[in-house]
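A.B. asks: Each chain, letter by letter, is given below.
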Amino acid sequence: MTCQQCNELLEDYLTGKLPIWTKVALRRHLAGCSACRSEVRSHQMIHQSLQQLGIQPCPDDVILRVLEILQIDPKSSTKHSFGSRRPGMAVRYRWRWATVALIVIIGAMIVVSPKHGLPPPEAKHYTDAEIQQAKDQVRFTISWLRQVQIQTQKALEDQIFPQQVIKPLRSSLSTALKPLFNGEKR
Amino acid sequence: MNQSQFKIHVAHFKDVIYSHAYYFMGNAADAADITQEVLIKLWHHFEKIPAAALKSWVFKVTQNACIDFYRQQNNQALPWPSDDADGDSSEAVPADKELNPETVVINLDLREHIMKAIQRLPPLLRHVIIMREIHNLKYEEIAASLDIPLNSVKVYVHRGRKLLCRYLKALYS
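One line per chain: the protein sequences are A and B, in this order.
Quick note, the first sequence lines up with residues 1 to 186 if you use the numbering used here.
Quick note, the second sequence lines up with residues 1001 to 1173 if you use the numbering used here.
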């Protein structure tokens, strides 16, 4: 990328509108070009300094003078006081109220409808054979995990795996198995 | 437009108009007069302005009022910047290598100096810089308000910042 191209892309870069690849190319150029780097810094500095100026509040007497010229009563009743609300806010609030009303209506419809809410949970009855099968599966899992632990211990003792790899695995496995053993002798 | 609608619009736009005029003219008295003029125009023309274009219209009228005031005070044609990108090459910052942003920013009366620097900008650049940097308008909004192409806005913002940098540097050197 040339300095000319960098200069052209600077505005989009400062406003964060550059595509990622162009940004990468620009940054690469900036890394190697002190003049362009300085240019970017200057622009950023000016941008920040101008942001500090901020909006200048209009004195009230200017507005009162305008209202006087237009023969508008400054104290005439209006829902909006100066500086409090903006045009378009009424519409915005209307949308908010409409959304709230819609949510309330939908909620009411759900509550009133005969099939509202979740159906009560049905108590499922298991047969003895099913319970026995589940117990067997749990026992098998526990025995398999025990085997894993024994094999791991053996590998550790035989120095097959380095200590620093196995130790955390072993401790985490022991922690995981503790509730399953439920006080049984290991 | 009824009075209540007008008051809502006044409440929304008064600071925007006043700020623009204040930073453009550099003094509160002119800014107050311009604000007054624009608000009175708003009252008279509101019915003809589409709601979506109201913001753009307000900025356009404010700019015109500022330029009228500027002409009255300076009694001269406006020095519009040329469209040629290198047109102000003589004004371009020669090399910012020696410009250290920290030395420029760290000061006690930065605001005053920035105000002075803004006053030195050509009117069109001044409008663009105020709209972009102080009112945070999008490029599209600035282009619509000034009736200029989008790319020109980007060029003017860039050129305006460069000039401001040069002026501030001159103030501190």
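Treat the hints as calculated values from the structure; they're not laboratory data.
Treat the numbers as computed from the prediction; the structure is a model and nothing was measured.
All residues carry an ideal CB built from backbone N, CA and C; glycine is no exception.
Check before you lean on any hint, since a few could be wrong.
[Claimed, not checked] A short list of chain B residues far from chain A (calculated; beta carbon distances all over 12 Å):
#1 A1011
#2 D1015
#3 S1019
#4 Y1022
#5 L1042
#6 K1060
#7 N1064
#8 D1068
#9 R1071
#10 R1111
#11 A1117
#12 L1124
#13 H1135
#14 A1144
#15 G1160
[Stated by the list, open to error] Straight-line distance between alpha carbons at most 30 Å, and here's what the computed DSS-like set of lysine-lysine pairs gives:
#16 K1060(B) - K135(A)
#17 K23(A) - K1169(B)
#18 K1138(B) - K1154(B)
#19 K17(A) - K1041(B)
#20 K154(A) - K124(A)
#21 K1169(B) - K1055(B)
#22 K135(A) - K124(A)
#23 K1060(B) - K17(A)
#24 K1048(B) - K1116(B)
#25 K17(A) - K1048(B)
#26 K1138(B) - K167(A)
A.B. asks: With reference to the structure, classify each hint as holding or not holding.
C.D. replies: Taking the hints in turn, this is what the structure says about them:
| no. | hint | verdict |
| --- | --- | --- |
| 1 | A1011 | violated (4 Å) |
| 2 | D1015 | violated (5 Å) |
| 3 | S1019 | violated (4 Å) |
| 4 | Y1022 | violated (5 Å) |
| 5 | L1042 | violated (9 Å) |
| 6 | K1060 | holds (18 Å) |
| 7 | N1064 | holds (18 Å) |
| 8 | D1068 | holds (18 Å) |
| 9 | R1071 | holds (22 Å) |
| 10 | R1111 | violated (6 Å) |
| 11 | A1117 | violated (9 Å) |
| 12 | L1124 | holds (17 Å) |
| 13 | H1135 | violated (8 Å) |
| 14 | A1144 | holds (18 Å) |
| 15 | G1160 | violated (9 Å) |
| 16 | K1060(B) - K135(A) | violated (82 Å) |
| 17 | K23(A) - K1169(B) | holds (28 Å) |
| 18 | K1138(B) - K1154(B) | holds (10 Å) |
| 19 | K17(A) - K1041(B) | violated (37 Å) |
| 20 | K154(A) - K124(A) | violated (44 Å) |
| 21 | K1169(B) - K1055(B) | violated (35 Å) |
| 22 | K135(A) - K124(A) | holds (17 Å) |
| 23 | K1060(B) - K17(A) | holds (26 Å) |
| 24 | K1048(B) - K1116(B) | violated (37 Å) |
| 25 | K17(A) - K1048(B) | violated (36 Å) |
| 26 | K1138(B) - K167(A) | violated (60 Å) |
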